[in-house]
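Chemist: So the protein lines, in turn, are chains A and B.
Okay, so the first sequence: first residue is 1 according to the working numbering, each after it adds one.
Okay, so the second sequence: first residue is 1001 according to the working numbering, each after it adds one.
Among the hints, a few may not be true.
[To be verified] Heads up, simulated DSBU-like pairs for lysine-lysine below, C-alpha to C-alpha not over 35 Å straight-line: (1) A:K89 / B:K1089; (2) B:K1013 / B:K1089; (3) A:K89 / B:K1157; (4) B:K1157 / A:K157; (5) A:K13 / B:K1089; (6) A:K17 / A:K89.
[Unchecked claim] Below, a sample of chain B positions facing chain A; criterion: calculated Cβ distance under 8 Å: (7) E1006; (8) W1010; (9) T1020; (10) F1040; (11) I1080; (12) I1083; (13) V1185.
Keep in mind the hints are simulated off the structure, nothing from the lab.
From the three backbone atoms N, C-alpha and C, an ideal C-beta is built for every residue, glycine too.
Protein chains: 2
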Amino acid sequence: MQYQIELPSWVVKDCEKLPTCLPQLEDRMETIIRFARSNFEYETGGPFAAGVFDKTTGRVVSIGVNRVVPCLNSSAHAEIVAISLAQQKLQTFDLGADPSIEYQLVVNGRPCAMCFGAIPWSGIRSVVYAASGEQIEQITGFDEGPIHPQWQSELQKRGIEVVDGVLAEQACDVFRQFAASGQPVYNSRAGGPPSSS
Amino acid sequence: MQYQIELPSWVVKDCEKLPTCLPQLEDRMETIIRFARSNFEYETGGPFAAGVFDKTTGRVVSIGVNRVVPCLNSSAHAEIVAISLAQQKLQTFDLGADPSIEYQLVVNGRPCAMCFGAIPWSGIRSVVYAASGEQIEQITGFDEGPIHPQWQSELQKRGIEVVDGVLAEQACDVFRQFAASGQPVYNSRAGGPPSSS
């Protein structure tokens, strides 16, 4: 009556080697893209990674990678994993509770419909991503799900900054390598009733 | 470098007393509403519960309750907990993988934006809920988040049935009791930059 999501051991080791702070936004994204690439190369999940940072100082709070297939959990997307680990580390379900710190979520691709919906609940104040939803879908074949058509302004209305296209070309390279690797693209169901009905 | 979501012990005990199958849809919903009420009465989470059932036979696969505050995890909504436990029990990240069984998610209120986005990924084939999003927001003050304006048809397009309004009045009664209890309504941030910036 419990479930657990854990990071692969290589992520734990690589996190120990990270500097305490990554003051430059590009360095944060480069780090996340590196985790995303290694995650599918090590076959420990899909080609997605995310990190929670103190927006001002760049302090690394948590790193998450996609764990859907290894943990048998369709909600174990990189963003949910990174946010959950940050909340556990900081012992709060609301990363926006302390108004003196803005936490930033950095992801190698636009959040899917679920992760988009998770962001307002999390207390995250800034979302930075690399590849667009279209790029992810076209290159990899992943279905990113029915995200709100005005998702950027819906976040902005709630005081959450959105920054897109940071190192998008580097992120797309990882998706191309993933597509060429022949690893499984697990997807939301394409639709249609099951054959028995 | 891991996080864990667990059910409170009273849920584990109450699950042991459930019949193996609940053939009638109203009985499934009544059960879920009972778990939702007990969850805030025992102060083990918000007034939300969800269950995964075999749609045809009513076999109970998993029960989830909201665990946001006790587990310090903003994504531990009842639907995510129920789906995660079902996937763990059935050892698959895709509840739609076996085309001969349709799994049904039964919830006491309309899924929020995040849980809506989680449904297509999960392999769930049928979603049944009681109270509407408007009813939840008006009675409790919870912000249900920026759900896709055509969320029902977006699910239906993906072959996922949506049934609403089942025992809605009973579900609203629980929300009214919750609202009267004075327990905290944790919300996505209302917006505006933190005071330091």
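Chemist: Hint by hint, which ones does this structure get wrong, listed from lowest number up?
Modeler: 3, 8, 9, 10, 13
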